[in-house]
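Enquirer: Go by the hints and put chains B and C onto chain A.
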Amino acid sequence: MPVLEILTKQFPEKIIETHDFRGDETALIQKDALLLIMKFLKTDIRLDFNMLMDLTAVDYLWMGKKPRFEVVYHLYSLALKHRLRIKVPIEQKDALVDSIVSLWPAANWYEREVWDMFGIRFQNHPDLKRILLYEGFDGHPLRKDYPINKRQPLIGPKN
Amino acid sequence: MMSGNESFVTSRLNEMIGWARKYSLFQYPFVTACCGLEYMAVASGHHDIDRFGAGLPRFSPRQSDVLMVVGTISHKMAPVLKRIYEQMCEPKWVVAFGVCTCTGGFYDNYATVQGIDTIIPVDVYIPGCPPRPENVMDGLMKLQEKIQHQKQEV
Amino acid sequence: MSTLQVEKSEIFADPSGKELKRESMMLNMGPSHPAMHGIIRLILELDGERVLRSEVEIGYLHRAFEKMSESMGYLQVFPYTDRLNYSSPLINNAGYAMAVEKLFDIRIPERARYIRVLMCELSRICDHLTCIAASAMELGAFTVFLYMIKARENLWNAVEMITGARLTISYMRVGGVKADLPEDFEKVIRTCFKETRHVLKECHGLLTRNRIFVDRVKGVGVISKEDALAYGITGPFLRSTGVDYDVRKDAPYLGYDEFDFEVPVGTTGDNYDRYLVRMEEMEQSMRIVEQAFQAMPGGALAVNLEGKEIPAAEMVDEAKMGMVEGFQHQFVTLDPTLEGSTKFYFDRIQAGNKSASLPAKENTYGNIEGLMQHFKIIMDGHGYEPPKGEVYQAVEGGNGELGFYLVSDGTGRPYRVRVRPPCFPIMAALPLMLEGGMLADIIATFGSVNMIGGELDR
Numbered sequence: 001m002p003v004l005e006i007l008t009k010q011f012p013e014k015i016i017e018t019h020d021f022r023g024d025e026t027a028l029i030q031k032d033a034l035l036l037i038m039k040f041l042k043t044d045i046r047l048d049f050n051m052l053m054d055l056t057a058v059d060y061l062w063m064g065k066k067p068r069f070e071v072v073y074h075l076y077s078l079a080l081k082h083r084l085r086i087k088v089p090i091e092q093k094d095a096l097v098d099s100i101v102s103l104w105p106a107a108n109w110y111e112r113e114v115w116d117m118f119g120i121r122f123q124n125h126p127d128l129k130r131i132l133l134y135e136g137f138d139g140h141p142l143r144k145d146y147p148i149n150k151r152q153p154l155i156g157p158k159n
Numbered sequence: 001m002m003s004g005n006e007s008f009v010t011s012r013l014n015e016m017i018g019w020a021r022k023y024s025l026f027q028y029p030f031v032t033a034c035c036g037l038e039y040m041a042v043a044s045g046h047h048d049i050d051r052f053g054a055g056l057p058r059f060s061p062r063q064s065d066v067l068m069v070v071g072t073i074s075h076k077m078a079p080v081l082k083r084i085y086e087q088m089c090e091p092k093w094v095v096a097f098g099v100c101t102c103t104g105g106f107y108d109n110y111a112t113v114q115g116i117d118t119i120i121p122v123d124v125y126i127p128g129c130p131p132r133p134e135n136v137m138d139g140l141m142k143l144q145e146k147i148q149h150q151k152q153e154v
Numbered sequence: 001m002s003t004l005q006v007e008k009s010e011i012f013a014d015p016s017g018k019e020l021k022r023e024s025m026m027l028n029m030g031p032s033h034p035a036m037h038g039i040i041r042l043i044l045e046l047d048g049e050r051v052l053r054s055e056v057e058i059g060y061l062h063r064a065f066e067k068m069s070e071s072m073g074y075l076q077v078f079p080y081t082d083r084l085n086y087s088s089p090l091i092n093n094a095g096y097a098m099a100v101e102k103l104f105d106i107r108i109p110e111r112a113r114y115i116r117v118l119m120c121e122l123s124r125i126c127d128h129l130t131c132i133a134a135s136a137m138e139l140g141a142f143t144v145f146l147y148m149i150k151a152r153e154n155l156w157n158a159v160e161m162i163t164g165a166r167l168t169i170s171y172m173r174v175g176g177v178k179a180d181l182p183e184d185f186e187k188v189i190r191t192c193f194k195e196t197r198h199v200l201k202e203c204h205g206l207l208t209r210n211r212i213f214v215d216r217v218k219g220v221g222v223i224s225k226e227d228a229l230a231y232g233i234t235g236p237f238l239r240s241t242g243v244d245y246d247v248r249k250d251a252p253y254l255g256y257d258e259f260d261f262e263v264p265v266g267t268t269g270d271n272y273d274r275y276l277v278r279m280e281e282m283e284q285s286m287r288i289v290e291q292a293f294q295a296m297p298g299g300a301l302a303v304n305l306e307g308k309e310i311p312a313a314e315m316v317d318e319a320k321m322g323m324v325e326g327f328q329h330q331f332v333t334l335d336p337t338l339e340g341s342t343k344f345y346f347d348r349i350q351a352g353n354k355s356a357s358l359p360a361k362e363n364t365y366g367n368i369e370g371l372m373q374h375f376k377i378i379m380d381g382h383g384y385e386p387p388k389g390e391v392y393q394a395v396e397g398g399n400g401e402l403g404f405y406l407v408s409d410g411t412g413r414p415y416r417v418r419v420r421p422p423c424f425p426i427m428a429a430l431p432l433m434l435e436g437g438m439l440a441d442i443i444a445t446f447g448s449v450n451m452i453g454g455e456l457d458r
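Residue numbers (UniProt numbering), protein chains in the order written: chain A, 1 to 159; chain B, 1 to 154; chain C, 1 to 458.
No incorrect hints appear here.
Only pairs whose alpha carbons sit at most 20 Å apart, straight line, appear in this in silico EDC-like list of lysine to aspartate or glutamate:
no.: 1; chain 1: A; residue 1: K81; chain 2: C; residue 2: D250
no.: 2; chain 1: A; residue 1: K144; chain 2: A; residue 2: D94
no.: 3; chain 1: C; residue 1: K388; chain 2: A; residue 2: E70
no.: 4; chain 1: C; residue 1: K150; chain 2: B; residue 2: E134
no.: 5; chain 1: A; residue 1: K65; chain 2: C; residue 2: D409
no.: 6; chain 1: A; residue 1: K39; chain 2: C; residue 2: D227
Facing chain C, according to a computed beta carbon distance under 7 Å, are these residues of chain B, among others:
no.: 7; residue: T32
no.: 8; residue: L37
no.: 9; residue: K76
no.: 10; residue: Y107
Just so you know, these hints were derived from the structure itself, not from any lab.
Even for Gly, the Cβ is constructed at its ideal location relative to N, Cα and C.
With the rest of the complex left out, here is chain A:
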């Protein structure tokens, strides 16, 4: 049975939308069910997603999509060799998601990066702080409203 079918059968009211553009299977899920669904994806033997390949976010400000952010998870199953993309839409004023570090330690740094770049916080993350930028940097550069060349140097001339 295809992955998306299993998922929608299991959580019919938690899945907002599914599609497979160019063969990439994708499911939009509700924020409150994230941990539950991730746990299911990891442990169910028909799915067996044992690797978290990537975790990132997209800011849809310019596309006018509501809600503004989506956190994107790319999962991979080593044994069954299939992939799945999970997306969680998030409001700007309530930019907080459950951390999945307890399921995949790999999420630790990825979540820190998302916090650094997008300002999305992760609940129950062991150590949520900036990773690529430095303390004292104001704003989150991958948000669409952050100007690309707004510099915040530590030393030297300002801009």
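Expert: This is chains B and C only, laid out in the frame that chain A set:
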């Protein structure tokens, strides 16, 4: 007569110290990015900057004369670079290796320093992304020329 | 700046019954450290020479790749991808090009596909050569460094023949590659490989059973299979623990399934296994390149108007009789960097999708249609527009799975470009490998990671 002799002696001395200094460049490779691979190529057998007396990298800023800034400097890295520059003893020279260190290159964005000369003084700029080994050797020879002709502080 | 708290006054019992106080020491390593070819900062808590705890700080080479990509057209991103993993730039190029092609839904011609495979594998060899050279040098084996850089220099010269650059090449295009291979390229590569194999043999002799080297790397920096998977580690690093995951085998792209090659795996997951895996992968890559030359289509250089091949001997005769209209062979004097991208080669190496691939150079310079097509693709907002959607394309990079996640909003600029950097999870797991080990082992372990700043911090 006397003063003429003195200036003759000092200028010859100046020249001699310059000659000695330009062929014993102990460099500190401050390698950060892509240019580092090209730096490896210059430093190893094929191109061999040892021929210019600059073959021996010293990995402590306190023992080196030339700071080779190789690769992009981000704003997070800038204080480190400045600190290393300040740790070096006089006389010291700085080579900006690659276009990112010269001007920031095509990384005109929030993260990148737009030329290391906004932070520390630079003696020789070697453009290129990354510069070819021939280009680097040319830059090195320019630096030697500069060292030869400058007033030697002792 | 440090966030680790020093735990003072750890109490240790003395055999005489008295209580002794021992303090651990904090040591800051990096970001510019002589024995580490990369800029990261390690904050270490030491008990004598033993590492109690460590924290890794990265981001010193953050150059805003993802933000830059959002501000320019799809084609303009190529030069930035070169500088992600700068020791294997062709693989990054191919990965990005394939992600955009997936978005457009383009199939590239056979010959272009083989050229891509060939170039990716050349890049992988360069990557592994650099990695082993640098880590061996840091452990004192300077000869290995000199030998391997010599081999890499030969390969770079070959790469330069085709792409016009040694390192930052921007060779791939959406829909194919920039230019065809020169005719004598196979010979050049064969000579290169002969030398590379010789160098590898010598380095095997210098390192593999060298007591000094083996003592430094064997049983050091061990990571278990379970930990590696939990941290999302891929590539030679994961394979050294015994998992044979390789994107080229498990999700074949560019027709890697047609090639006969093996995926070397280790058993213990220590530095020595990683070294052996990398050494063997270079040999396998060379095998792939040799097969690609064998299988590459397009032996004939020209076809007549009916599409039939013209034998070389006949070409001369027909031309002597003035029958030249049958030849699509038009030489145009071009800048050396554009060699191989003329009309003559173009059908073999470009998909010919008018909305995505650039026209051949004669067309751009010679007729209005070509010029318009070129203009539309190059100028912002003139029709180089993929459909709305999002794709993820994974390729096997030098250090593991290199993934490109593209989001398109239907305009000429990528809305979001995300790179899944293979180094990133490895660096996240670095404390696991360092803690409990000796201070000096950090150099060996860090060397085996092959951390590339451009890819890690982007």
